[in-house]
Structure formats: structure tokens, C-alpha cells
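With chain A fixed as given, assemble chains B, C, D, E and F with the ligands onto it according to the hints.
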Amino acid sequence: MGPVTNNPFLIAIINMIVVFGVLIVLGVLMHLIEMVDPTKKKAAPKAAAPVAAAPAAVAAAPVVEDKSEEIAAVIAAAVAACGGSENVVAVRIAAPATSWAVGARAEAQTVQPFC
Amino acid sequence: MGPVTNNPFLIAIINMIVVFGVLIVLGVLMHLIEMVDPTKKKAAPKAAAPVAAAPAAVAAAPVVEDKSEEIAAVIAAAVAACGGSENVVAVRIAAPATSWAVGARAEAQTVQPFC
Amino acid sequence: MGPVTNNPFLIAIINMIVVFGVLIVLGVLMHLIEMVDPTKKKAAPKAAAPVAAAPAAVAAAPVVEDKSEEIAAVIAAAVAACGGSENVVAVRIAAPATSWAVGARAEAQTVQPFC
Amino acid sequence: MEALIVSLQSVWNDSGFEGLTSGNVIMLLVGLILLYMAIGKGFEPLLLSNIAFGCLLGNIPKTGFFDEPGVMQVILYGINHEVFPPLIFMGVGAMTDFGPLLANPKTLLLGAAAQGGVFVCLIGAMLLGFDLREAASIGIIGGADGPTAIYLTVKMAPHLLGAIAVAAYSYMSLVPLIQPPIMTLCTTKKDRMIKMDQLRTVTKFERIIFPIASTIFISLLLPPVCALIGMLMLGNLYKEAGCLDRLSDTAQNALMNIVTIFLSVGTGLTMEAEKFLRYQTILIICLGLVAFAAGTALGCLFGQVMKITSGGKVNPLIGSAGVSAVPMAARVSQVVGQKANPSNFLLMHAMGPNVAGVIGTAVAAGTMLAMIGPAGK
Amino acid sequence: MEALIVSLQSVWNDSGFEGLTSGNVIMLLVGLILLYMAIGKGFEPLLLSNIAFGCLLGNIPKTGFFDEPGVMQVILYGINHEVFPPLIFMGVGAMTDFGPLLANPKTLLLGAAAQGGVFVCLIGAMLLGFDLREAASIGIIGGADGPTAIYLTVKMAPHLLGAIAVAAYSYMSLVPLIQPPIMTLCTTKKDRMIKMDQLRTVTKFERIIFPIASTIFISLLLPPVCALIGMLMLGNLYKEAGCLDRLSDTAQNALMNIVTIFLSVGTGLTMEAEKFLRYQTILIICLGLVAFAAGTALGCLFGQVMKITSGGKVNPLIGSAGVSAVPMAARVSQVVGQKANPSNFLLMHAMGPNVAGVIGTAVAAGTMLAMIGPAGK
Amino acid sequence: MEALIVSLQSVWNDSGFEGLTSGNVIMLLVGLILLYMAIGKGFEPLLLSNIAFGCLLGNIPKTGFFDEPGVMQVILYGINHEVFPPLIFMGVGAMTDFGPLLANPKTLLLGAAAQGGVFVCLIGAMLLGFDLREAASIGIIGGADGPTAIYLTVKMAPHLLGAIAVAAYSYMSLVPLIQPPIMTLCTTKKDRMIKMDQLRTVTKFERIIFPIASTIFISLLLPPVCALIGMLMLGNLYKEAGCLDRLSDTAQNALMNIVTIFLSVGTGLTMEAEKFLRYQTILIICLGLVAFAAGTALGCLFGQVMKITSGGKVNPLIGSAGVSAVPMAARVSQVVGQKANPSNFLLMHAMGPNVAGVIGTAVAAGTMLAMIGPAGK
Ligand code: NA
Ligand code: NA
Ligand code: NA
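Protein chains in written order, with our numbering: chain A, -4 to 110; chain B, -4 to 110; chain C, -4 to 110; chain D, 394 to 770; chain E, 394 to 770; chain F, 394 to 770.
Treat each hint with caution, since some may be false.
As the list claims (entries may be wrong) - Simulated pairs of lysine-lysine, BS3-like, Cα-Cα distance not exceeding 27 angstroms:
#, chain 1, residue 1, chain 2, residue 2
1, D, Lys434, E, Lys597
2, D, Lys434, D, Lys668
3, D, Lys499, B, Lys35
4, C, Lys35, E, Lys434
5, F, Lys582, F, Lys732
6, D, Lys732, D, Lys700
7, C, Lys35, F, Lys597
8, A, Lys35, E, Lys597
9, D, Lys434, A, Lys35
Honestly, the hints are just simulated from the structure, not real lab data.
Just so you know, these numbers come straight off a predicted model, no measurement behind them.
Only chain A is shown next, with the shape it has when bound in the complex (with noise of 0.2 angstroms):
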């Protein structure tokens, strides 16, 4: 089976309107998804903080994850009421994907979640 066409213009035409076709159906998907949406609430206030937090992020190199940041801010704290404050650049914390290595050896004496 051949191309239907070979106008370039009337390809791009179809293309354009199925691409937009498509994306805007997404949109109605979105919309519906979100109308459906059991769990959505009064979230409001929480919105406020990531987005003002944002700013912030994009000035700065991102020093602290998400869960860890109480630890880091636990040595951090450590650290600064020892007097060493300066050096503080970046703690880093070990990642989540290293915490998941933890749990799964933590579990492996007794656990294979996966048989």
C-alpha cells in the first residue's frame, strides 16, 4: 500500500490536525480525568509551597531530597553547632535508590517480594 498523498503542504495540513486533534482530546481527557478525580480536595495551601519553593530551586543547586531533608538538616545542624559551618556546601544524602538497596537487603534475610 502506497501513500495516500505526496502534496507536502496537504500532509503537513493533516499532520497539523491530527497532532492538535490529538493533543486536544488529551486535554478533554485531562479535564475529565481531573472531574472524576475521587480524591481531589481543598489543596490549596499545599500548592502554595513547591511553587514558591521553586524560585529558590532554580537558583540554587538542589542540595537536600525530598524524605532526607530532616537528616541532612539534623547534621546539618550538628555541624553548625560545632563551628564548622562554612564547608557545608552539599550533604548529600544517600538517594532513595540507595535506601531501596537497603531495604531489599534489610528484607532479604526473610523476604522475596518478588516469589
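Just chains B, C, D, E and F with the ligands now, with coordinates in the frame of chain A:
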């Protein structure tokens, strides 16, 4: 070659015989291994610890891993001494996976363990 | 096409000639690379450090990794200041592998470096 | 303008909407339900979510996944030739601690007894009209070992792969719901309160020799499962050797995760409407439940036997862990035991039958392959 | 002594110096230039450095890489049958945050508008004498998605793979140079200073349902890109599900890195002199630049439309991010916006069109495959 | 009852006990001995333990590993077509520091001289009646590079793969025992006490250009080893480029570990009784020892030459490191040197010949492939 029999009860019986037979032989093997074990010692005192520890491990999330305990203890002590103790929920030590990576990199300067 | 010769001594001689020849050419290449190196500087003062450090590295287990030294130093200082120094055998910093993972995750919110 | 409409028409004609059968639609719904179960309800999400997503992809018409070379053909090759289950088992081995089993080899018998569920289910399936190879594949659901079930089904009755994989993984995740009532039925409160002696220490020597010796013995007796048992025990050797931690880590993480993705997406891809949407699928799901229940009950009953022969030192609750579903079944034993007696810690004791159940199921699969032979031979 | 000379002669005769064509030599130079660009200049080093190294290896004569089984044949199999691009897309999906898009679905339109560059380029290529399938493959450079470009090119015009991959990845890394002048041309300073409202929070429910729903819809409409879209969204599901972090990590790291190595080395291997050293390659590189520029301009212009229809609430700078090249294009929007108004933070707003551009390019590729069909069919 | 006995009989008939040859039994014992050496004695455990386990699995009858598709066939494909050694070399490259070699290129000659062991061994093998290709494969044991030895042997004399791999890895792990006496024999105490000047700093530029330039030169001269050298140097480029750390990490860890498992298990699988249990195996093991000893001696003697030509600035002990066996041989030089003079630090100086030995062995393999050609051609 077709199956030997189509009688489901016969198949079930034979299979259970084989399964029990194989696992019993494995049990005998285990006893043999234990008997010939040249490293066997009066390990009883050591045995107590892990079993006693098991309940605790079940109850609480595994916070601190095997070899890294000392380090974690040190950090925790430092943190505690500095008065920031309440937040120390989980000091995750870089996992063994990580330490291999560290080791690999440390050796990489001069080492090709595969070659 | 069969082999050119079956005389083992001839094969050995030719091979050694080729091996020496190739490695000598590589040596020439290395000199050429060094000569054309646009980044070459009086790097002598820097050279001293690593070589002097080598013995120590051989003698002791590698405790602290490249870029993380500052952080480790800070933590160690904190720990020492708090009086728990004897047990600090090895402060393993999250390996580079980990930090890539961290970085990847940090970027993942907004970044697809492959796309 | 006409050309435009013709062209749009042709795009539509080549689309999957054209050619979408009602079977496909239902299978898409099945995929969505499985996704809900996996992610929403947490039923074995690592496996079921991929199976479900594979089911979605496999029921899109005109993708060419089944006839043109590409990534899905590579994945399907690994499914159709049982490449993936042994590699998963390598990771499982690297995560398995045979210590509690080595400390108390008698618990092997509980792992054997619980395989009874496999054969109860096999008998039921044959009585319901499945042929011998189908019945064997359905029975193995009762073994509660995903890789073994997939391995056997691909060899015996590949058209049932989707249904059997879904049933196996669903029930494995439902173990905490299925087992406790059966366990309380098979035991008295007094039984459940029995505290067991602490396990002896197992030496490194024993831990290293066991996987080697058992590989040789089981493989020689049942060559058809040599790949499964061999890889399981090789992974365990990585764990125990002390000098192979690099490989143990990779077998448990990078390799296992990659293979898990491929295995489960590929399993989902095989869920075609004409294979899955048959009343047999419902029978398979019912039989799977029977198998789990029977295995649990037989494990507990054999636990009762061991309680009596040991003079009351064995808590029969650990028998139910023999169905494998590691480590969930062992945790269920622990929880049920602790409910009867809060100072009761059965977890390590239940790990023995639990890992014995993995071996037992592989042995059962090997015996059926030896007796019945793979399909088409 | 004579035997020695004969033997040394035979080693030379079997060497690659014998048989090295001038084309090979030029391609070795091309490889070195690409390596310099990749490592020295930092142009998409993860991809381009491997493409360049593959180009070096592929232009050594007598290696047997193209006719004898071996590691390179395995890699070339994955290239020639589009095994790798969907796997890369799985990792991309696991790194992609559809949140900003879900928070503001209107930005999808910007991702659609920027695909105009693809078709501007396609038209140009056909006017310059490329056949339809070649023109489609060249056009897709404007989509700024490496895996999609490789996927389409292998299906449509495999002889152009090297040139198109090099052009695509080069321009993707040049986005920070190419886009800003066009963006300032298409916007007024006042436009660029517009601050946008903060995005609403997106729930986990939306994040999980979206990849599933979009997979089904796009795959049904355009089955030829089901592998791409399916894997992209499966990776995203790993990210969002909450219980699949193991798989998300592997998809982003071990698996993605391995596949990246194979994909890019394999792409480099296909850069034979007779395919690459043609004046068409220069046309392709020029057309690629046109495509990027046109996409950027069309995105910004559509951004102007949205600014007007929204009553001045949309900053048209985020339109340029619709070409994808995630996340660089979004960062460019941020930087250009911040230059005009230092308190302006467009990054999250630009991420919407940015990830929409990934979907848009896949849709464009699928439409072309549906309308035109793969080569040789 | 009779049916039961018939059925049990049939299970036995299908078992591997039936059909187990005395050769298999002996090979199982060989596997156990190798496992003991690998895990108990720590001889290259990462490789030898898997080879040994593969030897066990490969000598179970009726597994179908050699004739039915499955995971073992996938692994054997990678063995039989040299897919794995280049991938291992990629990881090796990512772990290799060519800095000491670049700082002192003269040490390349030591890496060349130590390859003499390869040809001493080749001559010996031919005198003992091995044919030319077998002798070449046996000789390469003296190169002390596992992947190169496997690569050459698969091409030249695949029936010797097991014996050669076992000999190569065993002796590589025995380097600390084999080398010191030979080194003291070839040097005086005064020689061993020589302290060497500290090495100059090597720039990043040199580190990046070297792998590229050497790939092009060696590949052009010896195309049959382009895959090996190319991957080694690509891995090294990942290490040195600075912007490819992701790929360096994967090449060293996930990918390397996966390929190591497959390579070594697959090598073990090829150890069939009829190939391995021949008196030639004993000859191979003896010849391998000769090769290591000769390489060590020739390295040290060439070190003496360099000591004289350099006016006593070169410690001849670093010559023994030219056999490669990275980094063990370099450490042996360090230890022996420090014993003679506690303030002597030869490690970095010995790393030069050590990594030169890797290149030298690949060159020797390429020369033999160019002169002799692969089997069956
Ligand atoms: Na089981
Ligand atoms: Na795009
Ligand atoms: Na060597």
C-alpha cells in the same frame, strides 16, 4: 512420548511421593552437611543474640544496617550531643551497594578486578 | 585462506615484532599527544601531592573519597568536637554513583537529559 | 479538500479503532481492573501492574507486536522460551535466607505437605474437563511461586499463561486474607499459643554447601527444572559466598528489575481476548483459590502431625507458610501466632517451610514435566 | 628472513590500512569532530560521544561488524528493529513529570503548535528533492526527540539514520543558542515580562490515570507508535505509582544507560561513508536548523494567540518550549523570561508545553507512519 | 499399585541419574573443586565460581541446555559469538587509569616484553603436538587477560574454552604466589631497592585523546580485535571524559556484573567431559604456568635492560607487572620492592606496564588472528 498415565489421582500420589522424597533427601543432605562441617563450634552464645533481636526487628523498622552501625552510632551520638536528637528518625547509612561502588571507584584508579 | 606459516618460532618472532612495534607507535603517539596538548602548564606543584599521598593510600584503607572530602572532614570534625572520635573508622560518603542517582532524581522533576 | 478528507479517512482506517474487537475492549477493561488491583489495592504491584499494562498494549490492534520484529518481539521471545523465569529466580535466590531451614530441616516436610494444594487443584481441574497439561499448569498456581508457574505453563499450556499468571500473582498478594481463617480452622487456640525453641546458629559452611549440594541432587533427579533450581541456588551462592556481593547486588537489583519488567509486560502481552475471555479463565481463578486454601490447610494439618510427633514443640501455624509466597505466608504465621499469644515469635520458624515451599514447587513442576512432558512432544 | 618479510606483509595485507578508503578516512575525521563537539563542547555528550565513537569503529575496514555475528551484530539488531528507542522512552517516562501539563492542559496546544516545525521541514525537504519517506524522517528532527527521530528514521529511511541522529542531537544541545534570538523576535519586551499564575496542585490520582488513559487513546489512534508511547507512559507510571520505585529507578538508570550505550554506538556504526558523505547530509543539517527555528517561532506565535485569548495571562515565551528538547527548552524559556523580568519564574509553566512536545512528536511520527507507511511495504 | 511403580520408574528413567556418564561425574567433581578454589581459597571468585557452577549445570544430563531454546541458549549464543568479552572490556576500560602509562610511555616496552610469555607458551604447545590455532589459544593464557583469552579461544579453538578459561583465571589469581620467586631470581637486592622518580602529572587532554588515538591506530592495524580494543577504550573514555559518569558507572557495575555472570556461567557450561577430561587439559595447565613464569621473567629481564639504558633509574621489578593481571601484578611489584626497601613505592610505576600489558595481549591476539585466521576459515 505421551504421558505415562492420565489418572489424576495417580499423578497426584506419585508427585507427592516425589516431592516428599526429594525434600526428605534434602533434609538428610542438610544433616550430612552439618555433620561434616569443619567450622562447627560451640556457637550457642552467639545464637542467642539474633533470635532475641528478631522481635525487635519485627516490631521496628530497620533503621541501621549491619556494618555501618558504628558510624551511625557515632553520628547519632554527635547529633545527640549537639542537642538535636528528637528528629533522628532514621540515619540511613550508605548501603552496601554504595560502598561497593565506592570501593570500585577507589580501586578503579589502579585496579581491574576482572582482567 | 590458511595461515601464512606453521613455524612456531617464526610466528613468535613476528608477533613479538608486531607487539613491540605497535606499543612503540603508541609510545610515539603519547609523546605527540603530550606535545600538542594545549592545556599543558606548569603542573609540577600539583603533581607532588598525589605521589606523596600514594604511600598513605597503600598503607591505609581508602577512607574518604575524592570530592566528598570536605563533607567528610566536616562530619568528622563535628564528631570529633563532640568527643566520639575513636570509633570513626570509616565515614563512607555516599558514592558518586549515588550522587548521580540523587542528581537524576532531583532533575527528574523537570528534566529528561536523554530526550 | 476532498483529498484532505480521504487522507483523514485513511488515517482512521489504519488506526486501531478500526479493527478493535469487542474482545479487545473487554480485555482493555480487564487490564484497567488489574491496574486498579495492582496500584490502587497494592496486589503484587511490581508484577501485576506490568502484566496489566502489557494486557493493554497487547490488545491494541495493528501494532505489529506479534508479527514484526521489535522490542516486543524480543520480550516475547524471552517469554516463549522461558528465558526470564530462571533469571528472576537468580534474584530470588540472592534474597533468600536458607538459614532457618538449615537450622531445622524437619520443616522441609511442611514445605512438601503444602504442595498438596497443587495436586488437589490438578485433580479438580481434570475433573472439570481440562486436559492433563492444562491441569498441571493450573495446579501449579497452588505452589504460590510466580516464576515456577510461568515456567511450567509456557512449557505445558502456553495459551493459559495470562490467566494463570494473573491468578498466581493475585492470590499471592491475597495470602494475608486467604490464609488466616483456614489456619484458625485447622488449629486450636492452644496450638496457636505454642512457643517454639530458638533456632540453632547455622554456619557459613552449611549456607555455602547447601545450595551446591541441592542443585546437583535436584537437577540430576529432575533435569527439566535444572535451569530454575540452578539459577535459584546460584543466586543464593552469590548471597552466601561472602566474596560475590557485587553479583548478589546485581542479581537482586539491576538484573532482576530489568527481567521483571520484561517478564511481566511480556506475560501481559499474551493476554489475547480469544485466549482469556473464556469460561475456563473463571474456572482457573476458582481453582487457584482452591489450591491456595488446600495448600494452607494441608500445611497446617501436617503441622499438627509434627506437633504430635515432636511432643508439642512445633506450632502447627508454621505449616501454612509451606505454600511459599515468600515472605508473606511466613508473616501471616507470625501475625496469627502473635494474636493468640503476644509473646510468640514464629517468623523465623515459619521461614523454614516458606523457603522449602519454593523448592517444593520447583520439584513438583519438575516431576510433572518428567511424567507428562512438555506440550507438542 | 624471507618468510619473516612475507609474514609481516601478510599481517599488513590483512590490516585495515589496506582497504581503507578515502571515504573511511573522512568519516574518521567526522567521528573525531563529533567527539570534539560531544566531549570538548558538551553537545549532548551522553549520546553524541557514543555516536562518534561508533562512527570511528564502523569505518575501520575488515572488522566484520556488518557480516559476522558478534557484539556489534547484537547492537545492530537492536538498531535495525527499533528495539532500543522504546526502552529509552521508558526511562524518559520515568524521569518526566506530567504535573505541570495536567495543571494547565491548555499548554498542550503549544506542544502541538511547535510540531509545525516538523512539517515546515518536511515541505522543505520535499521541495529540495527528498522523497516522501526521507522528508518525513528529516522533518522529525524538528520534533527534538532523539528516540522518536531514530524510531521513525529506521522505519522510513534507514540510510539517513546517521545524518538525522547527528543533526537531531546536535540541535537539541544547541537549543540555548538557537532559540533565544527567535524568541525575542516573536515577542515584545512587555510580553516577556508577563508573570503567570501559579499552577494548581495535581493529585496523585490524576498523575496515575493520565499515562494510562493517554496510552490507550494514542495507541488506538496510531498503533505504529504504540511501542513508543506505551513505554513512555509505562515508565511514567513507574514514577507516579508510588509502589514501583524499584522499577522506576532501573528504568532511569541501569536499563537506560545500557540501552543508551547500545543505541548510540549502534547509530554511529551505521554511519558509512557512502551513506553519510553526500550533499544530502548538508541539506539535512540545514533543514534540521530550519525545523528547530520554525518550531520555536510557531510555538511562540501560538503563545501570542494564547496570550490574547487568555486576556494577557499567558507569557508567549513558554511556547518555544513546545519543541520538547526536554528540559533544555523549558530552561531557555525561564532564562529569557527572567532576563526581561528578574522576578519571573516560567520554568514550571514551560514544562507543560515541553512534555506536551514529546507526546506531540510521537503523534506526528505515528501519523506519518499511518499515512505514508514504513519503507519497503 | 503397578501403575504407581511404572510411573515412578518412568520418572527415574527421565532423570539425569539415568544417562549420567562417568565423565559427567568427574566433571561434577571438577566443578566442586573449582568452587572450592573460588570461594574457599578466593581464586578470582567473581569468575571462577560461576565457571564452576556452570560446569556443574552443564554436566547434568537431559537438561536440554544445548539443544532447546531457553536462558542457557541465550547465554551460549553470547559465548559462541564473542558477545560478552568486549562488553567486559568496556567495564575494564572504565576502571583503568592510563595515567601512569601516559606519564612514562617507556613502560609500554615492559608491557610488550612480558607478552614473550605468550609465545614461549605457543612454541611449547606446538612442540607438544597442539595444532597452530590451539597453540595460539593456549599461549594467550600467558597474557593474563581473561576476556582476551576467551575472545581468541572462541575464535580459534572453541573446544579448549573451558580448560583455557580455568587456567587463565586460576593463574591470574595465583600471581602473588607465582611471581615473587621469579622476580627475586631475575633481580639483585640492589636492583630491587632502586627508588624511582615521581611521575609527572598527566592532563585531562592526554587522558581523553589517548583512548581515541589508540583505538584508531590499533583497530586499523588489527581489525580482528577492533571490538575488544574499541570497547576497552570507549569504557576508558567514559571514565575520563568527565561528562559521561553515568555511563562509566553502568559500564563498571550493572552491565559488567550482568555480563560477568553470563560470560562465566556460559564458559562453565561448555566444559563437557569429552572436551575437558583429556590429557591435553593437564598440558594446558602446565603450559599456562610456563607462560606466566616466562612472561614474568621476560618482563623483569627487559626491566634490567631499561635499568641499564636509563642509568639505573628504573627498578626492574616493575617489568613483571607487564603480564597484566591488573592490578595484582602491579601490587606484587610494590610488595616485593617494599620488602627490599621499606621506603620504596613502586605501585604507580608498575601500573604503567600493567595496563600496557592489557593492550599488548590484545595486540598479540589480533596479530595471531591476522596471521592464522579464525578456525573454519
Ligand atoms: Na511454593
Ligand atoms: Na518534540
Ligand atoms: Na596482558
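Each hint, compared with the structure:
{"no.": "1", "hint": "D:Lys434 <-> E:Lys597", "result": "holds (14 angstroms)"}
{"no.": "2", "hint": "D:Lys434 <-> D:Lys668", "result": "holds (26 angstroms)"}
{"no.": "3", "hint": "D:Lys499 <-> B:Lys35", "result": "holds (20 angstroms)"}
{"no.": "4", "hint": "C:Lys35 <-> E:Lys434", "result": "holds (19 angstroms)"}
{"no.": "5", "hint": "F:Lys582 <-> F:Lys732", "result": "holds (10 angstroms)"}
{"no.": "6", "hint": "D:Lys732 <-> D:Lys700", "result": "holds (19 angstroms)"}
{"no.": "7", "hint": "C:Lys35 <-> F:Lys597", "result": "holds (9 angstroms)"}
{"no.": "8", "hint": "A:Lys35 <-> E:Lys597", "result": "holds (9 angstroms)"}
{"no.": "9", "hint": "D:Lys434 <-> A:Lys35", "result": "holds (19 angstroms)"}
In terms of the numbered hints stated before, the structure departs from none.
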